[in-house]
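Visitor: Using the sequences and the accompanying hints, generate a full structural model.
Chains as they are written, first to last, in UniProt numbering: chain A, 1 to 473; chain B, 1 to 473.
Since the hints were made in silico from the structure, they are not lab data.
Since the model is a prediction, treat every value here as computed from it, not as a measurement.
Check each hint, because a few of them may be wrong.
The list cannot tell twin chains apart, which means a pair is met if one copy fits it or any two copies do.
Under the rule of at most 27 Å between Cα atoms (straight-line distance), these lysine-lysine pairs were calculated in the DSS-like manner [as the list claims (entries may be wrong)]:
(1) LYS128 - LYS267
(2) LYS358 - LYS215
(3) LYS407 - LYS128
(4) LYS128 - LYS312
(5) LYS312 - LYS358
(6) LYS128 - LYS358
(7) LYS411 - LYS128
(8) LYS139 - LYS411
(9) LYS139 - LYS358
(10) LYS267 - LYS358
(11) LYS407 - LYS312
There are 2 protein chains.
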Amino acid sequence: MTTSTQFLEDAAARLGPRGLTRDAELMSPWLTDWRGRYSGQACAMASPASTAELAELVRLCAAHGVPIVPQGGNSGMSGGATPDETGDAILLSLRRMNTIRDIDADARRVTCEAGVVLQTLHEAVEEKDLRFPLTLGGKGSATVGGLISTNAGGCQVLRHGSMRALVLGLEAVLADGQVFSMLTPLKKDNRGFDLKQLLIGSEGTMGIVTAATLKLMPAIADRVVIWAGVSSLGAARSLLLHCEDMAGDALEGFEVMPQACLEAVLKHLPSARPPLVESHPWHALIEVVADRSSAATLRERCEGMMAAAFDKDLVEDAAMSTSEAQAEAFWLLRESVAPAERERGPAVQHDISVPVEKMPDFVQTTAPMIEAEWPGTEAVAFGHLGDGNVHYHIIAPHVTDGLAWQKTEGKAISRRVHDLVTEWGGSISAEHGIGQLKRDELVRLGDPVALSMLRAVKNALDPQGLLNPGKLV
Amino acid sequence: MTTSTQFLEDAAARLGPRGLTRDAELMSPWLTDWRGRYSGQACAMASPASTAELAELVRLCAAHGVPIVPQGGNSGMSGGATPDETGDAILLSLRRMNTIRDIDADARRVTCEAGVVLQTLHEAVEEKDLRFPLTLGGKGSATVGGLISTNAGGCQVLRHGSMRALVLGLEAVLADGQVFSMLTPLKKDNRGFDLKQLLIGSEGTMGIVTAATLKLMPAIADRVVIWAGVSSLGAARSLLLHCEDMAGDALEGFEVMPQACLEAVLKHLPSARPPLVESHPWHALIEVVADRSSAATLRERCEGMMAAAFDKDLVEDAAMSTSEAQAEAFWLLRESVAPAERERGPAVQHDISVPVEKMPDFVQTTAPMIEAEWPGTEAVAFGHLGDGNVHYHIIAPHVTDGLAWQKTEGKAISRRVHDLVTEWGGSISAEHGIGQLKRDELVRLGDPVALSMLRAVKNALDPQGLLNPGKLV
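Guide: Here it is as structure tokens:
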């Protein structure tokens with residue numbers, strides 16, 4: 001199908017020159033995902049300035065049967081915002097809709113448009129002594145709409161939940177151009193099931209998020225970051241339970257990495273110092289925070305928690321940050337795992353979850369299996385142990401052409417990892433979403449009842465199948 | 001339509017004598033809701049013993065076009081579990097499915113069947129030094145399945161959220177008899193939107209909840225209950241903000257009532273003592289809790305919080321519980337508001353929410369309006385200020401026949417209250433659900449886009465319309 005000239009003329013007339021372009025140069029950066037893994041074509045790129053303009057565009061698309069691929073910061077991990085090769089679809093940028101409509105400091109919430117960049121949001125609420133407790137590597141480009149559509153995670157999910165838990169209200173344009181408007185943040189509302197949940201994590205396939213009311217927290221008054229060396233991933237899990245028990249809600253993060261990851265990081269960051277004197281099989285990074293109400297006793301509580309951990313033989317060694325600079329230095333080690341791993345060579349990457357209590361056994365059992373089946377590979381797991389979510393990288397053997405190896409073996413390795421995750425009751429996508437990357441795997445491994453529900457709801461809300469076709473469903 | 005003999009024979013054969021009855025005496029208590037407001041008929045009452053038995057029954061119902069009315073403890077507030085008068089439907093009791101399948105103390109979660117009674121759940125997890133942080137008046141009969149289907153609330157929503165926030169996993173039988181099984185509690189799972197949300201709060205119209213995995217919290221180690229006298233509902237809201245700021249996550253409840261309510265309670269409970277010496281326009285009950293990690297400093301923190309509240313002139317007077325007995329005595333006053341109000345005479349009751357910050361103005365503006373439009377009435381608001389949710393009772397004037405008055409005026413008053421709530425951006429059902437009670441009002445006042453989404457999803461998941469017909473949608 002070729003997009004009709006009539007449609008393009010009508011769209012241009014309604015959106016104006018800033019709102020619609022067919023200029024190949026302007027469109028090009030947005031037709032490939034940031035990691036360069038997916039590329040596509042579009043008949044045009046629309047950048048509406050308001051929900052009303054977008055609703056008009058969607059009605060026009062519905063009338064002409066034009067598919068719509070919504071896009072925020074183009075920083076997704078699964079190709080969910082890249083159109084296909086046909087050029088039939090219109091690429092919909094939400095980036096112009098970037099107004100922070102309202103910050104209510106008393107009620108601790110912010111209402112902002114889909115195109116607001118995460119870092120901009122962080123800075124705007126910090127000025128009011130508040131914080132939005134979700135952050136991730138792509139914060140300089142990721143937008144609120146994209147974060148909601150993918151139910152983004154990050155390193156603070158342990159305490160605050162993923163994006164879903166932070167969305168109080170939502171506005172979206174549906175497939176027929178109607179505007180779903182539930183921005184009013186009622187703490188209690190029992191008029192049927194929570195409709196906005198249909199739009200969170202559905203990757204733009206059920207509707208296009210245009211604005212949201214989000215939950216804010218009091219600013220952090222102080223934090224302590226602890227680096228602990230432990231004997232195994234199982235020991236890390238015991239330490240996690242201990243910290244949950246003793247720190248309660250103050251426990252903000254619990255990340256893990258094996259010694260090999262830390263060594264790669266130290267090689268990648270030549271000026272960084274190892275946090276502990278000796279090496280340890282596994283390392284945990286633990287963040288404990290306090291707001292104004294609890295800051296006075298924070299250090300004392302952390303010391304008590306770690307003293308008890310030593311008494312119970314849960315740690316081999318530990319260092320506690322004594323300054324914000326040191327806290328940041330510890331976090332920098334964690335945040336450098338991904339780039340350091342990339343430096344080590346090509347790897348087949350997975351973003352998986354299993355129930356938290358099964359994670360140590362899962363890694364201990366499956367890593368040697370994979371390494372035996374693909375000789376020379378190394379299976380490395382690191383990340384959000386507190387959420388039962390690790391990034392599971394299978395590093396290429398030392399071959400002359402790692403990229404060629406990745407191309408030949410990648411699919412089979414991923415199938416094997418996903419099979420194992422499914423056997424262990426886990427998810428093949430913990431936080432990165434399905435997009436186009438894992439759509440076949442979802443069909444292959446997803447629960448048939450869940451898939452049929454997903455399809456039934458999709459057909460009900462988007463009978464023409466125009467919203468982000470080829471993604472998720 | 002008369003239910004076919006074939007259907008009843010087949011159902012009896014599959015469910016056995018304990019699983020199906022047509023005995024009028026056995027069925028009778030369950031054909032009227034506990035408040036005696038709704039009565040209906042059923043062709044039979046089914047009590048399957050397992051999810052597999054229920055799935056078989058549902059397939060049979062689908063084949064014969066027999067409507068199904070699911071029921072837990074029959075303690076709902078909106079007639080959601082009472083069948084209609086035709087006798088076409090089968091009444092489905094989930095009460096036999098009452099096994100607690102597993103309590104994982106480390107992971108702090110419980111998996112139990114739909115028929116488990118809330119109080120039984122409380123007691124089972126208390127034995128493991130944990131608690132399930134949702135409770136309400138009907139806890140001796142309300143079941144887990146009913147609580148999920150209605151997204152139940154209660155007095156601890158402020159900190160822990162309503163039922164929705166506590167459901168980690170779900171199992172349900174869908175309209176075609178397929179079993180949706182997502183009990184595995186993954187903390188992170190981004191395979192599309194969160195399907196289980198379709199079943200939470202949808203009152204049995206999208207599927208029948210058969211089991212759930214629920215979140216548990218550490219047992220409370222200590223609590224302090226504060227009774228505060230304040231000058232207005234606006235002052236109560238300022239005090240709430242102060243407490244949220246100073247107590248953080250330890251703030252478990254913030255309930256309010258006007259002086260008239262307290263007086264009615266003291267009359268209703270002749271042996272109860274007024275918590276404060278003088279009378280005050282409004283009263284707030286504040287609960288602050290601590291688990292083991294924070295118990296040591298609880299009292300001190302509460303004293304600091306209230307001293308600061310006095311300094312800032314936020315309270316007129318306050319009393320802090322010094323024993324568990326006194327904490328209970330304060331709560332007894334709160335819990336006696338509903339029976340004390342019933343003693344005062346007939347009232348037209350509403351369960352409404354508006355954004356928390358608007359609640360003082362809402363009550364102050366609308367109460368005099370209602371009282372002027374229906375001379376002799378008294379508009380009383382009490383309840384969960386922290387959630388922006390009050391029970392709003394319009395008490396009958398002193399007339400000879402209050403019940404007749406209620407019958408004549410009730411509907412018009414409710415329409416007026418619901419119009420006002422809608423104008424103020426609130427919900428006509430904060431925690432009691434829609435059921436049959438508010439279905440017409442939802443159609444009249446609900447957002448047309450939201451209603452059309454609700455209907456589209458309903459049609460997609462239950463095309464024959466057999467699941468709890470006449471409720472919600």
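Visitor: A separate judgement is required for each hint: does it hold in the structure or not?
Guide: Structure-based check of each hint:
Taking the shortest Cα distances, LYS128 and LYS267 never come within 27 Å of each other, neither inside one copy (40 Å) nor across copies (47 Å). For a Cα distance limit of 27 Å, the shortest separation of LYS358 from LYS215 across copies, 18 Å, qualifies, whereas the shortest one inside one copy, 31 Å, does not. Taking identical chains as interchangeable, the C-alpha atoms of LYS407 and LYS128 are never at most 27 Å apart, the minima being 49 Å within one chain and 51 Å between chains. Within a single copy, LYS128 and LYS312 get their C-alpha atoms only as close as 42 Å, which misses the 27 Å cut-off; across copies the closest is 21 Å, which meets it.
When the C-alpha separation of LYS312 and LYS358 is checked against a cutoff of 27 Å, the pair qualifies only within one copy, where the shortest distance is 22 Å, while the shortest distance between copies is 51 Å. Proximity of LYS128 to LYS358 under the C-alpha cut-off of 27 Å is restricted to the inter-copy arrangement: shortest distance 21 Å between copies versus 41 Å within a copy. Proximity of LYS411 and LYS128 under a CA criterion of 27 Å is satisfied in neither setting, with 48 Å inside one chain copy and 45 Å between copies. Neither within a single protomer nor between protomers do LYS139 and LYS411 lie at most 27 Å apart by alpha-carbon distance, with minima of 29 Å and 52 Å respectively.
In this homomeric assembly, LYS139 and LYS358 never come within 27 Å of each other (Cα to Cα): the closest approach is 31 Å inside a single copy and 33 Å across copies. Proximity of LYS267 and LYS358 under a CA criterion of 27 Å is satisfied in neither setting, with 31 Å inside one chain copy and 56 Å between copies. In this assembly of identical chains, the alpha carbons of LYS407 and LYS312 never lie at most 27 Å apart, being 47 Å within a copy and 67 Å across copies at closest.
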